[in-house]
Structures are given as structure tokens and as C-alpha cells.
Amino acid sequence: MLYENYPELLCLRDDIEQVIALLVDCFQRGGKLMCAGNGGSAADAEHIVGELMKGFKLPRPVSDPRIPKELAEKLQGALPAISLSSGLALPTAYANDVDGEYSVAQTLYGLAKPGDVALFISTSGNAKNLANAALLCEGLGVKSAALTGASGGRLAGICDFTIRAPAHETYRVQEYHLPIYHEICARVEAAMFA
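Residue 110 in this note's numbering sits at position 110 of the sequence shown, with consecutive numbering throughout.
Note that these hints are calculated values from the structure, not bench results.
Mixed in with the good hints there might be a few duds.
[As the list claims (entries may be wrong)] Straight line, CA to CA, 25 Å or less: simulated BS3-like cross-link-like pairs of lysine-lysine:
#1 K128 with K113
#2 K57 with K69
#3 K128 with K54
#4 K57 with K113
#5 K54 with K69
#6 K74 with K113
#7 K74 with K54
#8 K128 with K32
#9 K57 with K32
#10 K74 with K57
#11 K32 with K54
Because the structure is a prediction, the values reported are computed rather than measured.
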């Protein structure tokens with residue numbers, strides 16, 4: 001459906017497929033997704049977490065014998081995801097006490113486990129706080145992906161995978177990011193819950 005609605009994104013098919021495979025493998029192995037961005041891209045990181053942590057397009061019934069039936073009926077299967085851009089206390093404390101360009105890296109360092117995946121969303125690909133966090137990934141055993149604009153920016157040279165939306169203006173890049181990550185979320189959900 002993505003490529004029917006946005007034929008200009010067909011050039012990204014291989015990159016999108018690689019990120020989908022990366023996430024499916026991560027979740028199948030018990031890992032989690034950590035997303036981060038700034039401004040509108042931080043909102044996109046939160047949006048992705050929302051799509052993965054509860055049903056998106058498919059029902060996700062909970063059939064866990066540890067959960068009482070009446071509670072399980074009100075819950076949905078979750079794919080573990082967290083936004084590294086969330087909260088106020090840690091990022092503002094880190095910015096005040098240490099250096100704001102490393103607050104996402106600090107959060108990643110505190111939460112990452114080998115086998116996890118980090119997704120960095122930046123329209124330019126040059127956000128310093130995201131690049132600093134991306135530099136940590138290899139040493140922590142975390143695969144990294146970036147969702148950027150056409151240039152890819154600095155993140156393209158650091159991350160294991162990069163999806164470069166075919167635009168340069170911030171608002172146009174953001175307009176492409178939404179259908180791209182919706183496609184990723186829907187396909188990962190289908191692989192894990194269909």
C-alpha cells in the first residue's frame with residue numbers, strides 16, 4: 001500500500017525491508033526498540049512507540065497464563081519500544097549538569113542491552129545529540145537505524161541502516177517519515193502477530 005500511495009518512495013524499498021527485518025529479528029529474540037528524535041521527530045518517536053506497544057492494525061490478544069483472564073481481555077500484545085526523547089527530568093538535568101548534546105546517549109547507555117535496536121529520526125541527519133547516541137550503539141551491541149532526509153547527514157555514516165526520505169525541506173521530509181514508519185510498524189506487527 002505504501003508504494004501505491006507514494007510511488008516516489010519505491011526507491012526506498014530495500015532500505016525499508018532491511019529495517020523491517022532488523023526489527024522482526026530484534027523482537028523475536030526478546031529485544032526492544034529505542035527511538036529518539038528532536039522536536040517533530042521526537043513526536044514521531046513517541047508515535048512509533050504507541051503503534052508498537054499496543055494493537056496498530058491487527059488484534060493482539062493476550063493469552064499469557066500468568067495474567068488473570070479478566071485483565072488479559074483488556075490488554076493487547078506489546079512489542080517492547082521506548083522513546084529516548086521522553087521525559088523532562090533526565091534530559092534537562094543532563095543538559096544542566098553535563099552537556100545536552102549527550103542526554104540521548106546517556107539514556108541509551110542506561111537502557112540498552114545487546115540485541116536491541118535504536119532508531120534515530122532526524123530530517124537533516126545531523127542532530128548532534130542523536131549522532132552521539134548512535135556512536136554508542138556498536139560498543140553496546142545495539143544495531144542502529146536512521147530515518148532522515150535525502151542527504152542522510154552524519155547519521156547515515158554512523159548507523160547500520162539509513163532510510164533517506166526523498167526530500168530536503170524539513171516539512172516535506174516529515175511528511176514522508178509518517179507513511180514510512182507506519183509501513184514499518186504494520187509490517188512488523190504482521191510478522192509478529194498475524
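Quiz item: For this structure, which hints from the list above don't hold up?
Solution: 3, 4 and 6
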